[in-house]
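A.B. asks: Given these sequences and hints, build the entire structure.
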Amino acid sequence: MDIIRAFTYPFDDRAWVEKLLITLVITAVAMLLTPLLVGLLGWAALLGYQIEMVRNWRMDIPNPLPSWNDFSRLINAGVYPMIALILYQIPNFIISGTIFILGQGLDAGVVGSALTLFFSCCMLPILVAYNAITLPMYALATGRFVDSPRLGVYFEIGYLLVTLRDHLSAAILYLIFLVIASLILGLLGALTLGVVPLAMGIAVFGALNGQLATEILGKPKRDTEPNKAKRR
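For the record, in the sequence shown the residue sitting at position 199 is 199 according to the working numbering, with numbers rising by one throughout.
Just to be clear, a hint being listed does not mean it is correct.
[Unchecked claim] List of simulated lysine to any residue pairs, SDA-like, C-alpha gap at most 25 Å: (1) Lys19 - Arg5; (2) Lys219 - Gly152; (3) Lys19 - Ser67; (4) Lys219 - Ala170.
Just so you know, these hints were derived from the structure itself, not from any lab.
C.D. replies: Take a look at the structure:
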């Protein structure tokens, strides 16, 4: 696995300017419309775009960035990954929401602040451990989704855990690179008001997911290249 390659590989694509600009626009629109739920279509398309990037990485396609010429296909490809991602994030939502409610609901005195801090300190190790397990699980399942586009691949927990245990060094390296990439993109976000690194993150995290999937699963087990003409 190579984190530098995750940042540089999009520029191997001959149409990288056009494709990344479209990704930027869709990311911005999805962010704006998420409160109206319409933005979920944009996030589904972006996750479908990541699925195509994982596929392209595993197939070693020269132009790694997918085209945005079939928006509905990308939405369809991203619906199951989006549902799985939301379900994976439920514990994060519950714990973070509880901390927020405690902080707002308790008196701002010493006792209230102490209880909120105590709960936060107790939950933080649980959140770290949970995400350290589920982030590689989701990435590996995304790689399997290329071979078998079913929602169930994200919840074959036993298979995912055993496979990651057997490839523990790759899973740990993936987590390290994920943290480094998030810090770099977060710094860029502070300098560019957020949207640009978030759009770039679609490509970077897609590359990291593709690297982990390739390391563990190898090339796709069937011809999954989209829109490929049937062989005679």
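A.B. asks: A separate judgement is required for each hint: does it hold in the structure or not?
C.D. replies: Going down the list of hints, with the structure as the test:
1. Lys19 - Arg5: 18 Å, holds
2. Lys219 - Gly152: Measuring from Cα to Cα gives roughly 21 Å; hence the hint holds.
3. Lys19 - Ser67: Roughly 7 Å separates the two Cα atoms, so the pair holds.
4. Lys219 - Ala170: It holds: about 16 Å lies between the C-alpha atoms, which stays within 25 Å.
This entry satisfies every hint, going by the numbered hints stated previously.
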